[in-house]
Amino acid sequence: MDEQQENLIPVYIMGKRYMVPPTLTIMKAMEYAGYTLVRGVGCRGGFCGACATTYRIKGDPKLYFGLACQTVVEPEMYLAQIPFFPAQRAYYDLKDLSPTSATLFSTYPQLLRCLGCGACTKACPQDLDVRAYMAAGMKGDIADMADLSFDCIMCGLCAARCPAEEAQYNIAILARRLYGRYLAPRSDHLQARLEEIEAGAFDDQLEELKELSRDELVERYETRDIEPE
Amino acid sequence: MSGYPAEMRESIKNVEATRMRRLDETYPRMSMEERERVLDAFHPDYIDEKMRAIRVGVSEGQRMPLELADVLEGRPHVDADFDLSDPTAETDVLIIGGGGAGASAALLAQENGAEVIVATKLRFGDANTMMAQGGIQAADRPNDSPAIHYLDVIGGGHFTNDPDLVEALVSDAPIVIDWLESLGMMFDKEPDGTMMERHGGGTSRKRMHSARDYSGAEIMRTVRDEVRNREDDIRVIEFSPAVEMVLDDEGRVAGAIVMNLETRSKAYIKAKSVIVATGGGGRLHFQGFPTTNHYGATADGVVMAYRAGAELGYLESMQYHPTGAAFPEQIVGQLVTEKTRGLGAQPVNKHGEQFVFPLEPRDVEAAAFIRECEENGNGVMTPTGQPGVWLDSPMIEIIHGPGTVEKNLPAMVRQFRRFGIDITEEPMLVYPTLHYQNGGVRLNPDGSTKIPGLFIAGEVSGGVHGHNRLMGNSLLEVTVFGRRAGRAAAAYVRSVELSRPNLSHVASWNRELDEAGVDTGVVSPILLPDYTRHV
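Chains as they are written, first to last, in our numbering: chain A, 21 to 249; chain B, 797 to 1331.
Chain A on its own, in the form it takes in the complex (with noise of 0.2 Å):
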């Protein structure tokens, strides 16, 4: 134990100075510290949002961004979990809307206050070009900005540091919900296939695969054709 404590490295969770093993991430080094976690904490994974968070390091004046489950520990961090950020976010109905630019503006007419200063792409913590979403956006290029902002966690960081207080996470989910209902290109196999189910097409195959015997269902299971890669 006391060799390993020699390891060990200073933060600062809400002010308060602990000593935490280096290889943890934030959030492992704030449980560590003995905070049992409520806000600020989700899947654990990358895939949510629920943990981005802010830290700064004694003496450095940069304002740094993490999701707190996979950023790891240094020295001197200053830390704190913050919860979601508010952000506006519109109400509408897509089945009403069309994909056009026209409609961007008018659900969220704040997309053309963007002043495009990056400070949005900066906070990322999925290193997205937000400001770039943002310019297609202003361009009623609803494709490229579904495109460009797929990988989008909707954490809020970005609406954080906005000075033109956008919602950028918010308008680009519409983007991409408009790109995917409206402009996707439609798949007719699928189309086809919904036909025949509507006429009930499996109806007696899967009944009667339902009525063989294990044994049965074995032997076709095991010679079934199997589609090469």
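Possibly wrong hints are sitting among the right ones.
Claimed, not checked - Coverage of chain B stretches by chain A, computed from C-beta distances (three or more under 8 Å per stretch; other residues unrestricted): (1) 957 to 965; (2) 968 to 978; (3) 999 to 1006; (4) 1083 to 1096.
Because the hints were derived from the structure by calculation, they are not lab data. In this text, all values refer to a predicted model and were calculated from it rather than measured experimentally. For every residue, glycine included, the Cβ atom is placed at its ideal position computed from N, Cα and C.
On the provided structure of chain A, position chain B as indicated by the hints.
For chain B alone, kept in the frame of chain A given last:
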């Protein structure tokens, strides 16, 4: 960029040396007998001393992991005399859980005329659905059919699945894909609109639909966004897990007790129907395994439904995903998507040699990894003593062209790059991790249970996957059965007038525990795992 220590880099040289030769080598699939042998000897479900029978309740005698039995046999958070006279809210349908199943259920219940409340433990969307990477199965290509999908599901589940549930799963699959797209989900497609579909472990057709490797996140954020658009009819209450069901004098569901997670105060939400969509129990860390699961995955729904009298099934069977990260230590247990193997990455041992067909069903693949490390001694050991085998991701760039990994697995690339590992150039070290609860509460194809008004959807249920779930069938399960439960619950509430709500089942539960002399020292559901250091 190598974030690997020197010893591990030595083994990576073996992987590189064999790579070009292995591109043309296909390791043979196991026969059914070989599968049985490796499962019996190496799969965690088959270790008798890590399992026990539950001693109380309607499914008494059922075998399950020790950790789950302890929680299931726990004491309730509330007493039977908890005051139910002044509900904090009333609704038609109360949905417990704000993941993919709960959100899908909310939409369909609302569309079918019900007023809905969603009570969820953490934030809306904090769920395993959000973390699912690889994809969702649906038989929608001309060479495929729901019947072929059915055979894959039931063979993968070792022929133990509930046939009616499997039928529902595969029949609704193409419908669900179309529904998700109508909500604006972005699937991976060819320029002509053809869905890009791949194999998953145990599939006989390419039917894995994906959204890069954010498939689950894309589903979750899309259905969540739609629920938020309907806030007049669907009220979402966050940080408010349910802790106990409430029944009426006729034994019908009458709502649930929810707890404010921060103040710990409890309140009664009265409802004519309850849909339990709380997900699985990976955070109970069965057999000490790390897990891919969400922080809140503590089997709450199984505990509550069981105490209220619902039957359980298949809980002797947990899914250990073959490819959990084994290095670096910070992400041990986190998911490396099966899509990585679907794209062509082979699992290889420390000598750089293949030892298993890359896409066996998950339980077989996981057992083969454990055998390669434990019995054959061909695993790679990390500096902290974690064994693993290599997953040769750079092969993907050779097979499909440079840039394929970045384009198809951006979440994986990002995950490992944060720790100095470039998976386009270096393999990943992987080892099985606790991923999914195959069993749970028994249900009918419409989500209903033996308790009137109680519906079940998603990972909390048991039966559709039998003893082993295939990749891409859980995102399918949450949407298919979420939608079914929402629709059925909305229909059910139209004719229900509740009588006096009560908690008498809590009193009888406590009595049963006392009479059986059972005291596990647990108050359940436990709600969150305890990761704080106790000094």
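Hints, one by one, checked against the model:
1. Requiring three or more residues with a Cβ within less than 8 Å of a Cβ of chain A, the coverage given for the region 957 to 965 of chain B holds, as 3 such residues are present.
2. Given a C-beta distance limit of less than 8 Å, the hint that chain A covers the region 968 to 978 of chain B holds, as 6 residues qualify and 3 suffice.
3. Restraint check on the region 999 to 1006 of chain B versus chain A: 3 residues with Cβ-Cβ distances below 8 Å, three needed, restraint holds.
4. Only residues whose C-beta sits within less than 8 Å of a C-beta in chain A count toward coverage, and the region 1083 to 1096 of chain B has 3 of them, enough to reach three; the restraint holds.
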